[in-house]
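There are 2 protein chains.
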Amino acid sequence: MGQSMSQLSVMPVVSPLPQPFLLFLGDTTEASYAKTAFGLRDWAPERCVAEYASEGATITTGLRFLTPAQAVAEGARALVIGVANSGGFIPDAWIPALLEALHAGLDLISGMHTRLADVPPLEAAAARHGRRLIDIRQSPPDIPVATGRKRSGKRLLTVGTDCALGKKYTALALTRAFTARGIAADFRATGQTGILIAGQGIPIDAVLADFAAGAAEMLSPDAPNEHWDVIEGQGSLSHPAYAGVSLALLHGSQPDAVVICHQPGRDFIVGHPEYALPSIEETIELALRLGRRTNSSIRCAGVSLNTAHLDADSARRLLAGESERLGFPVADPMRGGDAFERLVEASIS
Amino acid sequence: MGQSMSQLSVMPVVSPLPQPFLLFLGDTTEASYAKTAFGLRDWAPERCVAEYASEGATITTGLRFLTPAQAVAEGARALVIGVANSGGFIPDAWIPALLEALHAGLDLISGMHTRLADVPPLEAAAARHGRRLIDIRQSPPDIPVATGRKRSGKRLLTVGTDCALGKKYTALALTRAFTARGIAADFRATGQTGILIAGQGIPIDAVLADFAAGAAEMLSPDAPNEHWDVIEGQGSLSHPAYAGVSLALLHGSQPDAVVICHQPGRDFIVGHPEYALPSIEETIELALRLGRRTNSSIRCAGVSLNTAHLDADSARRLLAGESERLGFPVADPMRGGDAFERLVEASIS
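Chains as they are written, first to last, in this note's numbering: chain A, 21 to 369; chain B, 21 to 369.
Some clues are possibly wrong.
No distinction is drawn between identical chains; accordingly, a pair holds when it is met within one copy or between any pair of copies.
[Unchecked claim] For lysine to any residue, the following SDA-like pairs were computed, each having C-alpha atoms within a straight-line distance of at most 20 Å:
(1) Lys170 with Pro293
(2) Lys55 with Gly341
(3) Lys170 with Phe288
(4) Lys55 with Ile154
(5) Lys170 with Ala296
(6) Lys55 with Ile163
(7) Lys55 with Gly202
(8) Lys170 with Glu361
(9) Lys55 with Ala332
No lab work stands behind these hints, which were simulated from the structure alone.
Keep in mind it's a predicted model, so treat the numbers as computed, not measured.
Construct all of the structure, not just a fragment, from the sequences and the given hints.
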């Protein structure tokens with residue numbers, strides 16, 4: 021973990037972001053709401069100067085705490101909203117800190133559904149100070165309808181049994197493992213945190229439904245034959261709200277390999293307790309069946325398990341047991357080891 | 021055919037449209053581009069005063085030709101753009117006729133991707149004359165993420181092997197057949213022509229991908245137990261560009277019954293000659309497998325074949341043969357007969 025993705029060549033889907041960042045934690049008390057801040061800390065540490073928060077926040081990334089003025093003095097160029105809340109909006113409690121950042125000379129970067137410029141005090145302060153308000157969860161214009169044309173180069177897509185269980189970390193760890201093996205590879209971001217880590221990408225869930233597969237095609241264009249795009253999955257093919265997004269991403273990505281991401285012990289779709297989580301085997305079978313439509317040679321390279329809730333011994337036993345049971349390499353992006361090398365081997369062989 | 025849907029109770033997803041209509045055919049020479057005009061003529065004739073066209077048009081709906089001023093004198097309140105073109109934009113050749121309509125006192129209604137108000141001369145003329153520019157292919161605001169909660173009432177969804185082969189006509193004919201049998205039923209429109217026919221609906225392909233299943237849930241809300249919503253399908257679960265839209269619609273619709281729509285003799289996905297059309301059997305199996313996720317009692321009620329390219333005898337033989345081969349009722353929305361009654365019977369029994 022903690023190795024930067026910034027050395028990877030990238031596609032300018034969004035214009036370059038001002039950096040390095042001051043990570044803003046709002047007034048958040050729930051670690052699960054701080055995915056963006058933790059993701060940046062783990063995968064782009066050289067672009068994270070410090071963290072900042074409003075009164076009441078109890079979580080921390082472990083980075084030092086600097087005010088916006090102090091962060092600017094240390095080179096920060098933008099404050100990133102590193103937390104979400106269930107409504108996806110910007111609460112009043114955050115406004116003073118965001119105004120302070122604009123006043124200190126920082127641009128603002130947000131991955132929330134609410135646009136920064138739609139918050140009148142932020143809009144006014146940004147205009148007054150000549151600062152940029154950057155919403156990365158906005159679809160780029162002029163995305164074409166998917167053609168289905170087979171593209172050159174190789175692709176791997178992480179496919180989940182549910183949301184929020186490690187598809188992005190798995191894709192990042194796989195990109196690092198490809199690169200470590202001397203294979204040219206790009207991480208392709210499809211969500212706001214991934215886009216901040218990679219510096220570009222397309223927020224696939226914010227694209228008009230008709231164009232979602234086209235966005236996936238645009239995200240991983242023709243490439244040299246031996247090059248791998250490692251594409252961040254979204255949602256789950258079995259999710260009652262997001263399966264359509266997942267299928268559009270699968271079809272448009274035309275993956276040669278999928279890696280199935282799962283959190284052991286999770287029995288139900290998060291937020292939908294009446295929906296049982298699909299099994300790993302069922303998810304493999306469904307991904308291959310549906311993915312075959314745009315890439316007849318699709319196969320499963322292995323499995324990634326999020327064992328953050330287990331101790332090291334239990335996790336090791338589980339990974340070994342699941343690998344034996346399923347007949348695939350099984351890795352955990354949070355624990356290292358050589359399993360990611362075996363996933364790469366299974367992808368390219 | 022030709023029976024109005026306007027007697028059906030409807031949900032005010034879009035505000036009431038000004039009507040009756042003058043159908044505008046542009047300068048179109050390809051009948052396949054005039055789906056909207058033909059759909060309105062066939063399903064909402066009492067709301068169609070006449071047709072109008074620019075120089076060069078060679079197609080006709082068979083309605084009489086009136087200028088905008090003549091149509092206003094006969095009660096028309098809006099000109100509907102009844103044709104599309106491959107880019108979904110409004111060509112310069114149409115502008116004089118559209119300006120003439122605004123000047124004569126008609127509002128404009130469009131189902132194209134280009135917004136009418138984004139065409140400067142139309143925007144200026146509408147402001148000057150106090151006329152409305154209505155874009156029905158715009159997503160309503162505040163669509164929620166799908167919950168997956170099972171809703172009361174019954175639902176039928178038309179599911180296609182491809183685009184543009186009769187899903188809307190089939191849903192309209194089924195709604196009529198339910199109503200004729202004394203069963204309360206609503207046609208639920210998901211595309212621009214359907215929305216014009218029904219007077220409301222949601223253009224599912226113009227919703228942000230994250231909310232597409234939520235839009236489908238919103239479109240067919242809780243209803244009395246014996247009530248049927250008959251939902252217009254979109255795309256195909258096997259379409260390389262639109263399968264995500266189709267899956268979101270399937271999951272959000274939670275259909276109790278699906279009717280598979282197909283055009284005999286079509287071998288490839290339109291516009292994607294490298295993609296073979298899935299078979300009817302494969303489409304049934306895939307729809308049931310994926311649809312089971314949000315409605316475990318989903319089943320196939322039968323098949324609808326578009327035999328417009330066949331003579332009456334060949335069509336009759338084909339419908340009978342396919343019904344025998346597949347073991348389901350097989351109907352054609354363009355040919356009448358009692359097959360739709362049998363589809364209703366298969367849905368409710």
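Could you place Lys55 and Gly341 in one of the four classes (within, between, both, neither) given a Cα distance threshold of 20 Å?
-> neither (29 Å within a copy, 57 Å between copies)
Pop the pair Lys55 and Ile154 into one bin, within, between, both or neither, using alpha-carbon distances up to 20 Å.
-> within (19 Å within a copy, 41 Å between copies)
How do Lys55 and Ala332 come out at 20 Å by Cα distance, when the copy is not named: within, between, both, or neither?
-> Neither: 22 Å inside a copy, 62 Å across copies.
Between copies, within a copy, both or neither: which fits Lys55 and Ile163 at Cα up to 20 Å?
-> neither (27 Å within a copy, 25 Å between copies)
With 20 Å as the alpha-carbon cut-off, assign the pair Lys170 and Phe288 to within, between, both or neither.
-> Between. Shortest inter-copy distance 16 Å satisfies the 20 Å Cα cut-off; intra-copy 35 Å does not.
How would you classify Lys170 and Glu361 at a CA-CA limit of 20 Å: within, between, both, or neither?
-> This pair counts as neither: shortest intra-copy Cα distance 27 Å, inter-copy 44 Å.
At most 20 Å between C-alpha atoms: does Lys170 with Pro293 qualify within a copy, between copies, both, or neither?
-> This pair counts as between: shortest inter-copy Cα distance 13 Å, intra-copy 38 Å.
Quick one: Lys55 to Gly202, C-alpha cut-off 20 Å, is that within a copy, between copies, both, or neither?
-> Result: close neither inside a copy nor across copies, 30 Å intra and 54 Å inter.
Could you figure out if Lys170 and Ala296 sit no more than 20 Å apart (CA to CA) within one copy, between two copies, both or neither?
-> Between copies only: 15 Å across, 35 Å inside.
In terms of the numbered hints stated before, the structure departs from hints 2, 6, 7, 8, 9, listed from lowest to highest.
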